[in-house]
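Asker: What follows is each chain in one-letter form.
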Amino acid sequence: MTGGRKITYREAVREALREALTRDERVFLMGEDVGRYGGAYACSMGLLAEFGEERVRDTPLSESGFVGAGIGAALGGMRPIVEIMTVNFSLLALDQIVNNAATLRHMSGGQLSVPLVIRMATGAGRQLAAQHSHSLECWYAHVPGLKVVAPATVADARGMLWTALCDPDPVVIFEHAALYNDESEVAAGGDLAVDIASAAVRRQGTDATLVTYGGSLKKSLAAAEVLAKDGISCEVVDLRSLRPLDDRTIMASVAKTHRAIVVDEGWRTGSLAAEIGTRTMEQAFFDLDAPVGRVCSAEVPIPYPKHLETAATPQVDGIVAAVRGALRR
Amino acid sequence: MIEFKMPSLGADMDAGTLVEWLKKPGDAVKRGDIIAVVDTQKSAIEIEVFADGILDRLLVEPGQRVPVGTVMATIREPGDLADAGLPPKAVPSSASPPAAKSSAPVAPASAPLVAARGEPRATPAARRRAVELGVEIASVLPGPEGVIGLGEVEAAAGARAPAKPQRPGGISFDEMRKAIGAAMARSHREIPHYYVSSTLDVSPLMAWLEAENTRRPVPERLLYAAPLIRAVARALMDSPELNGHYVDGRYDPAEHVNLGIAVAMRGGGLIAPAILAAETLDLAAIMERLRDLVARVRGGRLRSSEMTAGTATITNLGEGTADSLMPLIYPPQVAIVGCGRIVERPWIVDGKIEAAKLMTVTVAGDHRISDGRRAAAFLMNLDKLLQSPETL
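As they're listed, the protein sequences go chains A and B. The working numbering puts the first residue of the first sequence at 1, with every later residue one more than the last. The working numbering puts the first residue of the second sequence at 1001, with every later residue one more than the last.
No lab work stands behind these hints: they were computed from the structure. Accuracy of the hints is not assured; some may be wrong.
[Unchecked claim] Stretches of chain B that chain A covers, calculated by requiring three or more beta carbons in the stretch to come under 8 Å of a beta carbon on chain A: (1) 1123-1132; (2) 1138-1147.
[What the hints assert, rightly or not] Across the chosen pairs, the derived CB separations fall in these ranges: (3) B:Asp1027 with A:Lys229: 44 to 50 Å; (4) B:Val1068 with A:Ser233: 27 to 33 Å; (5) A:Ser233 with B:Asp1027: 57 to 63 Å; (6) B:Val1068 with A:Leu92: 55 to 61 Å.
Built from N, CA and C at the ideal position, the CB exists for glycine as well.
So here's chain A without its partners, still in its complex pose (with noise of 0.2 Å):
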């Protein structure tokens, strides 16, 4: 560290684009109003000035267009970052990234590689209702040949997109569109990449360990903060990496406290925590003091209304209540 700032995460993703489109001139920007617009959560405002229209490009409302000319891109030796603007939308080049940038290293025995970055909103929180809201990070942390990002911190946002575009594989990058403005110190200069495949400890602690990733991090940790005003120690971990899971920090932690509990936004049903909650069992059964708790999102289209779009997603109280239920008090 050399000394700390303070920006937010939408300025952290913007800091992070400018590095990579000054480092490496084989980088480039495209996606729906990434360029005039400046993003539709504004991350690369001031990009298409500064770097321009060869580099930060303007795509038309055709994801499936725009994500297989990345992997295209790609392909010919570029190193595309596209922007997807919500995981909804995405499920529109669904068919380009699960069955041409996922398989093509696989299907050409090595030959080919796709070193391509996509970044997309994701998550509730905004009032954006169901078309813009949902968490469907494990349909794409299903996907052999895929690695799955989701930053949850400032410094996250910060370093992870550089490593993502070293990575010769596609890497899917989530940002919860609910942490864009949350602010936190980083360091002011150096290099700021961090890795993109471990799970990192967020609060140490002894009862529970909440298990969690992106939007739901900080609710987690919040949640920690009100258990521990009663003695109750809870050990955050966030996931980082959504594929592949780092099970070794997952159950380090369970060997420890002995209670998981998975914070997920996304529906329970086929959800990333069943997978973890699998995993636990799997690898951790001894060490269970209780069953493998899940905090998830209500098995609804995420509503529109304010209080019923908070009903719908994991909370902190409903976090505190499930640790207490792993806790038996």
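We have chain A already, so just place chain B on it with the hints.
Answerer: Coordinates of chain B only, in the frame set by chain A:
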């Protein structure tokens, strides 16, 4: 209809876990009867009923933890109709995790929460810890929600888990097993045991007991262990060579019979606290001490004097076990009386074969102090006492 509720057994008790029902639906209950055992996390406590009637329905299952005031059972007063046709009442139950009560989006109770009967609901971590600590899982009292977790196992083992609430009491089974092993190894190594046994006809005792118990109010009813203990205590008073301590090559016959009672712990382990001056106690007093001892053994709350003052020991196998046993003397004592189960067998009385209730009693004596003749005389004396139970 009278509602039998979870009582408050102390200012700090807000909930209790039902350990067992001692009565079943249809049983007549009287004021003062003990009908349930409840664990308050401090100890297992026997719960009395405060009304007469017929136990109608049990609304709480063993292992369930319910708040004070929860209706646990209903009791039909004379004149009430049976309530069998009605659907069970909703009972505040902790069988569903507290999480499920929250309106927040947390896990519904999708897991099967009712374990097979008889199988303790212990977590995997608790089971592994129990093995590490040498604790029998079946001996561990369940905690909240009827679950045996790490906390319960560690409390049972007396282990100190840092920064976790400890349950007072509890007995370390691995320590106990070590103590039993050390004492019995010493006994087997140092004491030249001899064994003498007789099969005694206890039909008169059992017939008398049945008649006596119909006369007695339910709380004062006797188990056959009570007259047996009284008879053994009296017979030992006449056998000073079987009742005392042998220490450093010197034998001190005892003035009183502090009769050690071997009590099996739930799930394993054995302990033999003494009823002090047992020969001076009448049957009611012995019964009371016995009930008290067993309860306190289970609660892990025995007094040190009870553990050291024993001058002889009785071990009574009880129903559904074996015909006879050859026990080892508990040093520094010099004798132990082992009673097999009571079985009905052919028996010759006045030249005729009759069905009789028989018990085989074996005395192990210390050859450094006495010979088999002494124990045989004791057995004959005991037999005589048991043939006249009304004089006990």
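Asker: For each hint, tell me whether it holds in the structure or not.
Answerer: Evaluation of the provided hints:
1. Counting residues of the stretch 1123-1132 of chain B whose CB lies closer than 8 Å to any CB of chain A gives 6, so the stated coverage by that chain holds, three being the minimum.
2. Residues of the stretch 1138-1147 of chain B lying with their CB closer than 8 Å to a CB of chain A number 4, which satisfies the three-residue condition for coverage.
3. The supplied range of 44 to 50 Å is met by aspartate 1027 of chain B and lysine 229 of chain A, whose beta-carbon atoms lie about 48 Å from each other.
4. Separated by about 29 Å at the C-beta atoms, valine 1068 of chain B and serine 233 of chain A satisfy the suggested range of 27 to 33 Å.
5. In this structure, serine 233 of chain A and aspartate 1027 of chain B break the distance hint of 57 to 63 Å, their C-beta atoms being roughly 47 Å apart.
6. Hint check: valine 1068 of chain B to leucine 92 of chain A, Cβ distance near 59 Å, so the stated range 55 to 61 Å holds.
Of the numbered hints stated above, the single one contradicted by the structure is hint 5.
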